[in-house]
Amino acid sequence: MPDPTPPLGLRVRNLRKAYKDVVAVDGLDLEVRLGECFGLLGPNGAGKTTTIEICEGLTAADSGDVELLGMRWSSHAAELRQRLGIQLQETQLGDKLTVFETIRLFRSFFHHGPGAAEVIALVQLEEKSNGRVGSLSGGQKQRLALACALVGDPEFLFLDEPTTGLDPQARRQLWGLIEQFKLAGRTILLTTHYMDEAEQLCDRVAIMDHGKVISLGTPRELITSIGVEHVVEFSAGGAARALDVPPLRSIEGVRDVRTENGNVLMQVTELHRAVPALIEELDRQGVPLTELRTHSATLEDVFVTLTGRHLRDE
Amino acid sequence: MSDVTATIRPEEAAAKAPRQTVLADHPLVQLTLTNLRGFWREPEALFWVFIFPILLAGGLGLAFRNRPAEVLKIATVTPELASALGKEKLLDVERLSAPAAEEALRTGKVALLAEPGPGGTVVYRYDNTNPEGRTARMLADSAVQRAAGRADPVASSDQLMREPGSRYIDFLVPGLLGMNLMGSAIWSMGFAIVDSRRRKLMKRLIATPMPKHYYLLSFLFSRLFMLVIEVSILLGFGAFIFKVPLRGSLPDLALLCILTSLSFGALGLLISSRVQTIEAASGLMNLVMMPMWIVSGVFFSAQRFPDALQPVIKALPLTAAINALRGNMLQGAGLAQVAPELAVLGAWMVMCFPLALWLFRWR
Numbered sequence: 001m002p003d004p005t006p007p008l009g010l011r012v013r014n015l016r017k018a019y020k021d022v023v024a025v026d027g028l029d030l031e032v033r034l035g036e037c038f039g040l041l042g043p044n045g046a047g048k049t050t051t052i053e054i055c056e057g058l059t060a061a062d063s064g065d066v067e068l069l070g071m072r073w074s075s076h077a078a079e080l081r082q083r084l085g086i087q088l089q090e091t092q093l094g095d096k097l098t099v100f101e102t103i104r105l106f107r108s109f110f111h112h113g114p115g116a117a118e119v120i121a122l123v124q125l126e127e128k129s130n131g132r133v134g135s136l137s138g139g140q141k142q143r144l145a146l147a148c149a150l151v152g153d154p155e156f157l158f159l160d161e162p163t164t165g166l167d168p169q170a171r172r173q174l175w176g177l178i179e180q181f182k183l184a185g186r187t188i189l190l191t192t193h194y195m196d197e198a199e200q201l202c203d204r205v206a207i208m209d210h211g212k213v214i215s216l217g218t219p220r221e222l223i224t225s226i227g228v229e230h231v232v233e234f235s236a237g238g239a240a241r242a243l244d245v246p247p248l249r250s251i252e253g254v255r256d257v258r259t260e261n262g263n264v265l266m267q268v269t270e271l272h273r274a275v276p277a278l279i280e281e282l283d284r285q286g287v288p289l290t291e292l293r294t295h296s297a298t299l300e301d302v303f304v305t306l307t308g309r310h311l312r313d314e
Numbered sequence: 001m002s003d004v005t006a007t008i009r010p011e012e013a014a015a016k017a018p019r020q021t022v023l024a025d026h027p028l029v030q031l032t033l034t035n036l037r038g039f040w041r042e043p044e045a046l047f048w049v050f051i052f053p054i055l056l057a058g059g060l061g062l063a064f065r066n067r068p069a070e071v072l073k074i075a076t077v078t079p080e081l082a083s084a085l086g087k088e089k090l091l092d093v094e095r096l097s098a099p100a101a102e103e104a105l106r107t108g109k110v111a112l113l114a115e116p117g118p119g120g121t122v123v124y125r126y127d128n129t130n131p132e133g134r135t136a137r138m139l140a141d142s143a144v145q146r147a148a149g150r151a152d153p154v155a156s157s158d159q160l161m162r163e164p165g166s167r168y169i170d171f172l173v174p175g176l177l178g179m180n181l182m183g184s185a186i187w188s189m190g191f192a193i194v195d196s197r198r199r200k201l202m203k204r205l206i207a208t209p210m211p212k213h214y215y216l217l218s219f220l221f222s223r224l225f226m227l228v229i230e231v232s233i234l235l236g237f238g239a240f241i242f243k244v245p246l247r248g249s250l251p252d253l254a255l256l257c258i259l260t261s262l263s264f265g266a267l268g269l270l271i272s273s274r275v276q277t278i279e280a281a282s283g284l285m286n287l288v289m290m291p292m293w294i295v296s297g298v299f300f301s302a303q304r305f306p307d308a309l310q311p312v313i314k315a316l317p318l319t320a321a322i323n324a325l326r327g328n329m330l331q332g333a334g335l336a337q338v339a340p341e342l343a344v345l346g347a348w349m350v351m352c353f354p355l356a357l358w359l360f361r362w363r
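Chains as they are written, first to last, in this note's numbering: chain V, 1 to 314; chain H, 1 to 363.
In short, the hints are calculated from the structure, not lab data. One should not assume that every hint holds.
Said to hold, decoys possible - Estimated spans, in silico, between C-beta atoms of each pair:
#, chain 1, residue 1, chain 2, residue 2, range
1, H, Trp362, V, Ser74, 38 to 44 Å
2, H, Pro306, V, Asp62, 54 to 60 Å
3, V, Gln89, H, Ala308, 54 to 60 Å
4, V, Gln169, H, Phe240, 55 to 61 Å
5, V, Gly165, H, Pro306, 58 to 64 Å
6, V, Tyr19, H, Pro291, 35 to 41 Å
7, V, Asp203, H, Trp362, 20 to 26 Å
8, V, Tyr19, H, Gln310, 45 to 51 Å
9, H, Leu287, V, Gly138, 33 to 39 Å
10, H, Ser301, V, Asp21, 37 to 43 Å
11, V, Gly27, H, Trp358, 48 to 54 Å
12, H, Arg41, V, Asp203, 54 to 60 Å
As the list claims (entries may be wrong) - Listed next, the in silico EDC-like pairs over lysine to aspartate or glutamate satisfying Cα-Cα at most 16 Å (straight line):
#, chain 1, residue 1, chain 2, residue 2
13, V, Lys96, H, Glu44
14, H, Lys200, V, Asp95
15, H, Lys212, V, Glu79
16, V, Lys96, H, Asp195
17, H, Lys203, V, Glu90
18, H, Lys89, H, Glu70
19, V, Lys182, V, Glu36
20, H, Lys200, V, Glu79
To be verified - On the chain H side, residues computed to face chain V include the following (Cβ under 7 Å):
#, residue
21, Ala147
22, Arg204
23, Ala207
The structure displayed is predicted, hence computed values, not measured ones. Every residue, glycine too, gets a C-beta built ideally from N, C-alpha and C.
Please work from the sequences and hints to get the whole structure.
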């Protein structure tokens, strides 16, 4: 085996998977280094779940190669299962069991790992330890699912959309937990369609669309790669006469201008020059300025720039 | 937070003293407990498996309890016939006018109407598809002939059957036991598996190192555990309340129950091997069980069906189970005497189980 530098936790080569007439994964390559938190970011239907489930050994690929912790599913399935922690997207654990009973059941499958009570404390569910799973809130269920992934003290953690459907507070709580595992030196592969989640948690991100990786790097690298630092957004919906867009493009420091549902979005490199010039231009056209907003460019803007669509369009 | 993090660091976990392996932490024990908990915490399941068969046995036992022979109402139109018929104690004779008697017969108030026919004969009018009518005909004719001076050439006497073992309830309890073994094996297996697949819990389980055969074995163990309770309740109820006999050997009976449960468990596994929804599973289970409830002799003898159907009926697992249980409980038959039934049950198990495993889908 070639000496991997830096050491790789996961290497995926030329992965393909088609369902009937839909190509879910289309020649995907991926490398996840040991100890990093790697994010697969993309809209629903981009092939994230299929990819992660092939890596988890739950779905067979049509072709391609997956090497996990230096092993392959075909030859080392039993050992891999002991060393992985997996959270699936849509598992509903049995409603009739208590939290403790559920964890104890999952714990019984692994040779090594912390005790049930310890794992429950880890995901901050001590108070619910004797409560039925059916009585948990969405966030608590998700933390229980995470606990089930942690009972075997895994080296590699797969999290498929860990915070989908949760309220902001529950999401932040879960992010806090995932960050702890990063600090503990675990390797994590997570999928998400929340760009803020990827920016917050991931060391590196692969942006996926239509079964392919269309961009790869640290969140900062990706944002810088589109050459835009800021996004200026304003509403021109209430104007008496239509806004004349082309002059906006010639403002210094403006890279691109798009209109969307009556809003104008400008990708801007130098905010301090562009904003005064914009106000001047609108004044000249006699268009009143309402709802001016600016934000630093995000992974969402990267996705929009690369595909012309939003992450959550679908 | 840092101390929490430390507890999950792999190297530190490894450095800890090896966890004491207790039996309760064995995956098979945990999976079996999970099955049992899922069942015990479902009040409806408890009702159908434990309470319902007892209600049914109690209700039917009361409805078909042995009563003194019923007195049949008949009508006649002449005083001569009325006095002749009145000598039979099992007949309640009413003398009516011809139109009233006609009306009483037509509306079923009387089972039979005796009228004088031409030339001193007697005409009985009754519905011969009604057992009461036929009985009334025999009693009435016998009374009329005797009144006219017939002497019986052979003297006869009656010995009445009130023995446990030959009553309807004795016939019913082994039937209900067989039905209960079938129902609980198929429902508990089918629902638990389909529900787990529907919830994607099964997919989550195979994402762990859980040995897959443990998952299926755990159903076997929880089934056997439940079996002991189920069978004891129903047989205990029958034996104490209705004095239903247990003439065969109890170990044989236990073996029969286990074999029956395993055969139906395999059938349940086959039914649920691919089904994705509870609705589809219910439909399929009813499709399989309903015909057997009717033809396999739970409530009345399977012999009542036409001879041409008997080979098919005998090949059904519930027929075999019930016949074997009745043989053991009522006739005290040993295993050798119910060998054909054992063979049928075994054959179903041997056919269904490998097929179910072959078809089985974990997601």
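**Asked** Is it true that Gln89(V) and Ala308(H) lie within 54 to 60 Å of each other by Cβ?
**Response** Because 55 Å falls inside the window, the suggested range holds.
**Asked** At the C-beta level, are Leu287(H) and Gly138(V) separated by a distance inside 33 to 39 Å?
**Response** holds (37 Å)
**Request:** Could you check the hint for me, namely that Pro306(H) and Asp62(V) are 54 to 60 Å apart, CB to CB?
**Result:** holds (56 Å)
**Prompt:** Is Lys182(V) within 16 Å of Glu36(V), Cα to Cα?
**Reply:** holds (7 Å)
**Message:** Please verify whether Lys212(H) and Glu79(V) have alpha carbons no more than 16 Å apart.
**Reply:** holds (15 Å)
**Prompt:** Is the Cα-Cα distance between Lys203(H) and Glu90(V) 16 Å or less?
**Reply:** Roughly 10 Å between the alpha carbons, so the hint for Lys203(H) and Glu90(V) holds.
**Item:** Ser301(H) versus Asp21(V) beta-carbon gap, inside 37 to 43 Å or not
**Value:** violated (57 Å)
**Request:** Could you see if the CB distance from Trp362(H) to Ser74(V) stays within 38 to 44 Å?
**Result:** The hint (38 to 44 Å, Cβ to Cβ) is violated, given that Trp362(H) and Ser74(V) are roughly 18 Å apart.
**Message:** Quick check on a hinted range of 55 to 61 Å for Gln169(V) and Phe240(H), using CB atoms only.
**Reply:** Hint holds: Cβ distance 59 Å, inside 55 to 61 Å.
**Request:** Mind checking the hinted window 58 to 64 Å against the Cβ distance between Gly165(V) and Pro306(H)?
**Result:** 59 Å Cβ-Cβ, so the 58 to 64 Å window holds.
**Item:** Pairwise beta carbon distance, Gly27(V) to Trp358(H), judged against the given window 48 to 54 Å
**Value:** violated (34 Å)
**Message:** Between the beta carbons of Tyr19(V) and Pro291(H), is the distance compatible with 35 to 41 Å?
**Reply:** holds (38 Å)
Hints 1, 7, 10, 11, 12, 20 and 21 from the list above are not met by this structure, while the remaining hints are.
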